[in-house]
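There are 2 protein chains.
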Amino acid sequence: MKIIILKNALVQAIQNVHKAVSSKSTIPVLSGIKMAADESGLRFTATDLEIGIETLVPTLIDDEEIVQVKEAGAIVLSARFFGEIVRKLPGKTVEIEVKQNYLTIIRSGKTEYNLHGLDHEEFPRLPQVAGNQVFSVQSDILKDMIRQTSLAVSSEEIRPVLTGVLFTLKNGNLKFVATDSHRLATRESIVEAPPEMEFTNVIVPGKSLNELGRLLADNDVLVDVVVAENQVLVKMGHTQFYTRLIDGQYPDISRIIPTTFKTGLTVNTKELQGAVERASLVAKESDNNVVRFNIKHDRLEITSASPDAGKMSEPIDEIQVNGDELLIAFNSKFFMDALRVIDSPDLLIEFTGSMSPFLIKLPDNPTYLHLILPVRIY
Amino acid sequence: MKIIILKNALVQAIQNVHKAVSSKSTIPVLSGIKMAADESGLRFTATDLEIGIETLVPTLIDDEEIVQVKEAGAIVLSARFFGEIVRKLPGKTVEIEVKQNYLTIIRSGKTEYNLHGLDHEEFPRLPQVAGNQVFSVQSDILKDMIRQTSLAVSSEEIRPVLTGVLFTLKNGNLKFVATDSHRLATRESIVEAPPEMEFTNVIVPGKSLNELGRLLADNDVLVDVVVAENQVLVKMGHTQFYTRLIDGQYPDISRIIPTTFKTGLTVNTKELQGAVERASLVAKESDNNVVRFNIKHDRLEITSASPDAGKMSEPIDEIQVNGDELLIAFNSKFFMDALRVIDSPDLLIEFTGSMSPFLIKLPDNPTYLHLILPVRIY
Numbered sequence: 001m002k003i004i005i006l007k008n009a010l011v012q013a014i015q016n017v018h019k020a021v022s023s024k025s026t027i028p029v030l031s032g033i034k035m036a037a038d039e040s041g042l043r044f045t046a047t048d049l050e051i052g053i054e055t056l057v058p059t060l061i062d063d064e065e066i067v068q069v070k071e072a073g074a075i076v077l078s079a080r081f082f083g084e085i086v087r088k089l090p091g092k093t094v095e096i097e098v099k100q101n102y103l104t105i106i107r108s109g110k111t112e113y114n115l116h117g118l119d120h121e122e123f124p125r126l127p128q129v130a131g132n133q134v135f136s137v138q139s140d141i142l143k144d145m146i147r148q149t150s151l152a153v154s155s156e157e158i159r160p161v162l163t164g165v166l167f168t169l170k171n172g173n174l175k176f177v178a179t180d181s182h183r184l185a186t187r188e189s190i191v192e193a194p195p196e197m198e199f200t201n202v203i204v205p206g207k208s209l210n211e212l213g214r215l216l217a218d219n220d221v222l223v224d225v226v227v228a229e230n231q232v233l234v235k236m237g238h239t240q241f242y243t244r245l246i247d248g249q250y251p252d253i254s255r256i257i258p259t260t261f262k263t264g265l266t267v268n269t270k271e272l273q274g275a276v277e278r279a280s281l282v283a284k285e286s287d288n289n290v291v292r293f294n295i296k297h298d299r300l301e302i303t304s305a306s307p308d309a310g311k312m313s314e315p316i317d318e319i320q321v322n323g324d325e326l327l328i329a330f331n332s333k334f335f336m337d338a339l340r341v342i343d344s345p346d347l348l349i350e351f352t353g354s355m356s357p358f359l360i361k362l363p364d365n366p367t368y369l370h371l372i373l374p375v376r377i378y
Numbered sequence: 001m002k003i004i005i006l007k008n009a010l011v012q013a014i015q016n017v018h019k020a021v022s023s024k025s026t027i028p029v030l031s032g033i034k035m036a037a038d039e040s041g042l043r044f045t046a047t048d049l050e051i052g053i054e055t056l057v058p059t060l061i062d063d064e065e066i067v068q069v070k071e072a073g074a075i076v077l078s079a080r081f082f083g084e085i086v087r088k089l090p091g092k093t094v095e096i097e098v099k100q101n102y103l104t105i106i107r108s109g110k111t112e113y114n115l116h117g118l119d120h121e122e123f124p125r126l127p128q129v130a131g132n133q134v135f136s137v138q139s140d141i142l143k144d145m146i147r148q149t150s151l152a153v154s155s156e157e158i159r160p161v162l163t164g165v166l167f168t169l170k171n172g173n174l175k176f177v178a179t180d181s182h183r184l185a186t187r188e189s190i191v192e193a194p195p196e197m198e199f200t201n202v203i204v205p206g207k208s209l210n211e212l213g214r215l216l217a218d219n220d221v222l223v224d225v226v227v228a229e230n231q232v233l234v235k236m237g238h239t240q241f242y243t244r245l246i247d248g249q250y251p252d253i254s255r256i257i258p259t260t261f262k263t264g265l266t267v268n269t270k271e272l273q274g275a276v277e278r279a280s281l282v283a284k285e286s287d288n289n290v291v292r293f294n295i296k297h298d299r300l301e302i303t304s305a306s307p308d309a310g311k312m313s314e315p316i317d318e319i320q321v322n323g324d325e326l327l328i329a330f331n332s333k334f335f336m337d338a339l340r341v342i343d344s345p346d347l348l349i350e351f352t353g354s355m356s357p358f359l360i361k362l363p364d365n366p367t368y369l370h371l372i373l374p375v376r377i378y
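Line order of the protein sequences matches chains B and C.
Taking our numbering, I'd label the letters of the first sequence as residues 1 to 378.
Taking our numbering, I'd label the letters of the second sequence as residues 1 to 378.
Among the hints, a few may not be true.
The list treats identical chains as one, so a pair stands whether inside a single copy or across any two.
[Said to hold, decoys possible] Under the rule of at most 25 Å between Cα atoms (straight-line distance), these lysine-lysine pairs were calculated in the DSS-like manner:
1. K270 / K333
2. K170 / K361
3. K207 / K19
4. K19 / K284
5. K311 / K110
6. K270 / K110
7. K110 / K88
8. K70 / K99
9. K262 / K361
10. K270 / K7
11. K99 / K311
12. K333 / K88
13. K88 / K70
14. K92 / K311
15. K24 / K110
16. K235 / K296
17. K88 / K311
18. K311 / K2
19. K92 / K270
20. K175 / K296
21. K70 / K270
22. K19 / K7
Quick caveat, the hints were computed from the structure, so don't treat them as lab data.
This is chain B alone, in the form it adopts within the complex:
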């Protein structure tokens, strides 16, 4: 293999795939990035066997030469070491030449590195995903759906299905659900899908989705999502992202979400966020992280207390309350997580009693829903 590539394109390609590099595998080749050069350009691949990322740097972009392939071939280089070196190279272009015994020469400006590479034949092939179940969604919408749900996945491996986000699709409506059994987040969106396409129990690991979220651009370009038996493939321009799915049956959540409420309030997001954040500073000094809402007919009082640290109170006046007065307590971390992924200026919160789950909704966007279980007040 012998190629010359623009340094910026090389840095970007390594950055795209490096999140899939295994950090603790006992298989040496998995700590590397595979580069393969052919007439189409230079293809970078990394995988930890849970996720895989492949990105092609094409020979030309808008008539500008990005990669010049002088000799086809492939090599695997240590991701960490190669990444560090490339970022520090002095020149605008980088020449990579593979000699005998995987010896790889990297030249840029007057700098020359001789690196020990690994056999690309030992690098696992990414799975071939059969392409019959494909839908298309805007990159920024998919990114938002991930951001607004993946925070609610469980971090405990006891119930593996809860460490993933449930994908369902019916009548062109894609829905994400995540819950750790203390809170639940859902987000829906209409996508471009064949009318008969439908799936109900596709569980994507939350960690994989966070990596996918990083790759997705904040623009309205469509990305293709291929759903197969054991894996999902996302195609974004020259980059492909694979993840395995989680086995098992996701619990039925339809009965958990209340459909009526006894107390409803509309409140300014930023104001509430600030108050709960200030209350949480006291709450997190004690074990349970509890913040209370004391809801009167035109007023919400936010309080917290810790035996060691002290207590805090802050009213939000002149808010709109419908229904009964209520005193309710909850884990402030869950509440703050939910508010962090909300972009709407106002919130709708619906309660059905001090021991029932409450809902955070967006007045301007019915596709989002966040449910939080309260904690008992002693």
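With chain B held as given, fit chain C onto it using these hints.
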């Protein structure tokens, strides 16, 4: 105590003193910040018994009211917790009121905190430093002297004196020396001192100096340095910084610094820095971190090699070399540390053989000197 203070001034004052708060003391009061209000304003103090910082927020600055003292008094509040709370307060001003049993009420906007304070009488008094040995130096120069020498102090407690920076003063010339016995940094500056003032073995802990460096402003305002038997006091405007000194006799370094050289070269700082940094990426993959200079009559070649990772080479051509050709090896970390604190565009490096210490000098500034011991090339 009852005061009203501008939030920004409160945040700044906490930030000034918090570096002196003890992070692991068994004495609870040392994890706090003492606030004391009187007619001059609100005074903040923190100490870990090694260093102490005191800062006064005066009642008025340029006719603007900064602190309004309604009732004099004092309290100690948990530095971490209080600092977190203050940063998040919603209002432009903050009211702090101390009630019975050290209960402290903090009000800002509509937020109210009730915090458990501690008895200020238990807080240690900062030492009274006798003021007969005082010199004055520009804030930015003192900051630079610290930056250029403290990196060379030893991190090993086996020889405590080497964990400090040696201060000496003679004929108005202040000199800092630091060495960990692998490298040595010195920096001098003319300061304003009484003609008879002189000291020779004042050893200031490197850690203390790093905290002092953070407090020093990048301007030419004079700061006063008071040197006493066991401590040094630095007065910067409304802020005072104390540190204890290290006991013991600093080694005589005068014979270590070569006064002649066999090979001298002048080289562009940035170019050399880049090359050594690139070489160090390979060097740090092996234990010894070694980078080599191969000096020819008009050319410097920088190389490094690691059995696992590979090797690197980069020439710097057309440089000015005086004297013999030379092959020398050294710990690249030391070299990079030295270059990081140099602002000159060019460097002068003087060698006296492959097993003798070499000097890094600045062509435009004879007050700075950095010495590095080479390593043996097998």
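Exercise for the section: With 25 Å as the alpha-carbon cut-off, assign the pair K175 and K296 to within, between, both or neither. Expected result: Intra 35 Å, inter 68 Å, cutoff 25 Å: neither.
Exercise for the section: Pop the pair K311 and K2 into one bin, within, between, both or neither, using alpha-carbon distances up to 25 Å. Expected result: Cα proximity of K311 and K2: across copies only (19 Å, versus 67 Å in one copy).
Practice task
Indicate which option fits the pair K88, K70 if close means a Cα-Cα distance not exceeding 25 Å: within, between, both or neither.
Solution key: within (24 Å within a copy, 58 Å between copies)
Exercise for the section: Using 25 Å as the alpha carbon limit, work out where K333 and K88 are close: within a copy, between copies, both or neither. Expected result: Intra 40 Å, inter 16 Å, cutoff 25 Å: inter-copy only.
Exercise for the section: Measure nothing new, just compare the shortest in-copy and cross-copy C-alpha distances for K170 and K361 to 25 Å and report within, between, both or neither. Expected result: Within one copy, since 22 Å is at most 25 Å while 72 Å is not.
Practice task
Please work out whether the CA atoms of K19 and K7 approach to 25 Å or closer within one copy, between two copies, in both situations, or in neither?
Solution key: This pair counts as within: shortest intra-copy Cα distance 19 Å, inter-copy 41 Å.
Handout entry: Intra/inter-copy verdict for K311 and K110 if alpha-carbon distance must be at most 25 Å
Key = Between copies, since 14 Å is at most 25 Å while 63 Å is not.
Practice task
Indicate which option fits the pair K24, K110 if close means a Cα-Cα distance not exceeding 25 Å: within, between, both or neither.
Solution key: neither (34 Å within a copy, 50 Å between copies)
Practice task
State whether the alpha carbon distance between K207 and K19 is at most 25 Å within one copy, between copies, both, or neither.
Solution key: within (11 Å within a copy, 37 Å between copies)
Problem - 25 Å Cα threshold - placement of K110 relative to K270 - result: between (54 Å within a copy, 15 Å between copies)
Exercise for the section: First find the shortest C-alpha distance between K92 and K311 inside one copy, then the shortest across copies, and answer within, between, both or neither for a cut-off of 25 Å. Expected result: between (58 Å within a copy, 21 Å between copies)
Practice task
Can you give me the call for K70 and K99, within, between, both or neither, at a CA distance of at most 25 Å?
Solution key: within (13 Å within a copy, 80 Å between copies)
Taken one by one, the earlier hints fail for this structure at numbers 15, 16, 20, 21, listed in ascending order.
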